[in-house]
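> Listed here are the chains, written in short residue letters.
Number of protein chains: 2
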Amino acid sequence: MNQQVFNYVAVPTQYVEVEGIRYAYRSLGKPGKVPVVCLQHFTGTLDNWDPVIVDGLATERPVILIDNTGVGNSGGQTPDNVLDMSRDAIKVISALGIQKCDLLGFSLGGFLAQAMTSLKPELFRKLIIVGAAPQGAKALHSFPQLVEKAFALPPKEQYLFVFATKSENSRAKIAATLERLYIRTDDRDQSATMDAIKAQISALTRWGTDPVTIDLSKITQPVLIVQGSDDEMMDSAASLDMYKKLPHAVLIYYPDAAHGSFNQYPELFVEQANSFLNKFD
Amino acid sequence: MNQQVFNYVAVPTQYVEVEGIRYAYRSLGKPGKVPVVCLQHFTGTLDNWDPVIVDGLATERPVILIDNTGVGNSGGQTPDNVLDMSRDAIKVISALGIQKCDLLGFSLGGFLAQAMTSLKPELFRKLIIVGAAPQGAKALHSFPQLVEKAFALPPKEQYLFVFATKSENSRAKIAATLERLYIRTDDRDQSATMDAIKAQISALTRWGTDPVTIDLSKITQPVLIVQGSDDEMMDSAASLDMYKKLPHAVLIYYPDAAHGSFNQYPELFVEQANSFLNKFD
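Heads up: the sequence lines are chains U and H, in that order.
If you count the first sequence from 1, you need to add 50 to reach the working numbering.
If you count the second sequence from 1, you need to add 50 to reach the working numbering.
No wet-lab data here; the hints were simulated from the structure.
Some hints could be false.
One copy or two, either will do: identical chains are not told apart, so a pair holds if it fits within one copy or between any two.
Straight line, CA to CA, 16 Å or less: simulated EDC-like cross-link-like pairs of lysine to aspartate or glutamate [what the hints assert, rightly or not]:
id, residue 1, residue 2
1, 294, 306
2, 268, 198
3, 268, 306
4, 80, 110
5, 206, 260
6, 223, 331
7, 188, 172
8, 294, 282
9, 199, 245
10, 80, 237
11, 295, 306
12, 170, 306
Predicted model, so just to flag it, every value in this text is computed and none were measured.
Go ahead and model the full structure; you've got the sequences and the hints to work with.
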C-alpha cells in the first residue's frame, strides 16, 4: 500500500507573518489558475490533508494549505469563535498576496468558508464545503459530548469513530487515509495544543448555538457541498439545509460515508472538485 | 448557437424485432467498455435526448438509446404500468445481444431503471437515475393534473414548464436544450401517440399510488442519482428518499434546476456521469 509517490508529502512548510504572528502554510500545484486555499477541520493541521486529494487538486491549480491561528506550527492564540478565525484566515490569504482564490473548507474549515465569503465576498471565486453545516445547526449543540466520547478512544479508533461509518468498507477506506497522513516523516506539523482544542470546541459549538448572522442567500459564488450519507457529528441533513439556502450550490452525497466523506472517495472527490472549479459557473 | 457538430444527430435509427414487435434504437460511441442503455421520459422519443449528453457519454463508451413499446418508431402497445414496460425493455436489451450494461434512466426511465434492476439484477452493472422518484412517491398522485396544466401550454412553454424553473437562467438553458433537439432534421422519430401518452400517464401515476413492491435496499449496484433543486413533478426530496434506501448510491443536486436538471448542466453531468461509470465502485 501507499506505493504511490505524492508531491504533497515532500512540500516544505513555509511561513508568513501577519501582525506579529507567524503562520505556517504549504503551497504546491500547477500555476496559472485561481488558487484554492484549504481550511482544516477541528484539531487538524497541515498533516491532516489526504495527499491523494491535495495532489489531485494540485495537478490542475495552485493549492495553498494554511494552519490558522494557534494551530499546528502557526503562532498566536486560537480564537473561540468562527468569525474571528475567519478574519485571521483572510489576513493570511492577503499576506500571501492573493487577490482572488477558491476555498476548500472541511468541517470547521467549511464554517470558515461560509463566514469568510460573507465577510469579504470579493476575495473568493468558488467554494467547496465538505462535512459542514450552516450556522444554527442543532447537531452541534452536543459537539462537546461527542468530542469527549472520541477522546476516550485510542488514536486510530478515534480517527475511525469521527470519520468512518461502522461498516467494514468505510472503516477500511478511512484507515487507508490515516496511513497516508503518516507517509510524510520530516518537517511535520505540531499537533494541536489543548488551548487550541478548547477554543475550537467553543467555536464549533457556538456555530450551532449562537444567533445566525450570516445570510447564506447572499453568497452568490458557486458552492460545491460534499457530505457523507451518515455524518452524525454535523447531521448529514444539515448539508441539504445549507444547499437550499445557497442560491448557486451543487450538493453531492457519498454512500456509506460519515464525516470523512471526501477521504473515503478521494479520487471521485478530486474529479468532481476539479470539474466544479474548472467549469461550473 | 449550436455551431457544434454532434454525432448523435446523424446516427441512423435501427430496428430490432422482439416477439413480433419492431423496436427502434440508435447506437453510437467508443467500443470496448460496458454500454449504457438510455431510457426516456414521459412522451419522450429518441429525439428527446440532448446531443451534448449523448455525445459526451459516447466519447467514453457505447451508448444505446431505445424507444420502448409503442413509443416513437417502436411498434406494439405501450403498457400502463412500469413493471411491464421494464420487462419489455429487458427483452429489447437481450435481443441486442447485450449481456451486461449500465442504465441511464430519465424520469419515467428512472422508474424503469429501478424496476429492471430489481427484475434482472445480473444484467446491470451501474445505474444513473435522473429526475425520478421511488415507488410510492406522493408527488406523483397529482401527475395527471400536472400533465393537463402542461398540455394547455404552447409547445415551447410546455417544455419550459416541465423542465425549467421560473428563473431566466434556467429557462434560457432549457430553451437551448430544446433547440438542440431539433438540430436533427432527417430520420426523426414519430411523436408519442395519444394511446402511448395515456398508458404512460397511468404508469407514472401508479408508480406513486400502487403498493411498493421493489425493495431498493436489495439493489446493490452503484447508483448515481441526479436531481434539480426544484423538481415539482417528482418532488426533489424524493431523490433523497431513494438515495437513503439504496445501499450504494451517490446523490447530486444541481442548483436552480427543475425536472430537466441534467439538460440544464449537460457538460457537468457528462463529466460526473463518465467519472461515475468509469471509476466508482
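> Have a look at residue 80 and residue 237 and pick one of within, between, both or neither, based on CA distance no larger than 16 Å.
Neither way: residue 80 and residue 237 sit 22 Å apart in one copy and 47 Å across, limit 16 Å.
> Cα distance capped at 16 Å. Does residue 206 pair with residue 260 within a copy, between copies, both, or neither?
Answer is neither; intra-copy 32 Å and inter-copy 48 Å both fail.
> Indicate which option fits the pair residue 268, residue 306 if close means a Cα-Cα distance not exceeding 16 Å: within, between, both or neither.
between (32 Å within a copy, 15 Å between copies)
> Treating 16 Å as the Cα threshold, decide for residue 188 and residue 172: within, between, both or neither.
neither (30 Å within a copy, 43 Å between copies)
> Check residue 268 against residue 198 for me: Cα-Cα at most 16 Å, and say if that holds within a copy, between copies, both or neither.
Close neither inside one copy (36 Å) nor across copies (37 Å); limit 16 Å.
> Measure nothing new, just compare the shortest in-copy and cross-copy C-alpha distances for residue 170 and residue 306 to 16 Å and report within, between, both or neither.
neither (36 Å within a copy, 24 Å between copies)
> Cα distance capped at 16 Å. Does residue 294 pair with residue 306 within a copy, between copies, both, or neither?
This pair counts as between: shortest inter-copy Cα distance 10 Å, intra-copy 23 Å.
> Indicate which option fits the pair residue 223, residue 331 if close means a Cα-Cα distance not exceeding 16 Å: within, between, both or neither.
Between copies, since 13 Å is at most 16 Å while 32 Å is not.
> Is it within a copy, between copies, both, or neither that the alpha carbon of residue 80 lies no farther than 16 Å from that of residue 110?
within (6 Å within a copy, 26 Å between copies)
> Is the C-alpha distance from residue 199 to residue 245 at most 16 Å within one copy, between copies, in both cases, or in neither?
Classified as neither; 19 Å inside a copy, 62 Å across copies.
> Check residue 295 against residue 306 for me: Cα-Cα at most 16 Å, and say if that holds within a copy, between copies, both or neither.
This pair counts as between: shortest inter-copy Cα distance 11 Å, intra-copy 25 Å.
> Indicate which option fits the pair residue 294, residue 282 if close means a Cα-Cα distance not exceeding 16 Å: within, between, both or neither.
between (20 Å within a copy, 15 Å between copies)
Comparing the model with each earlier hint shows violations of hints 2, 5, 7, 9, 10 and 12; every other hint is respected.
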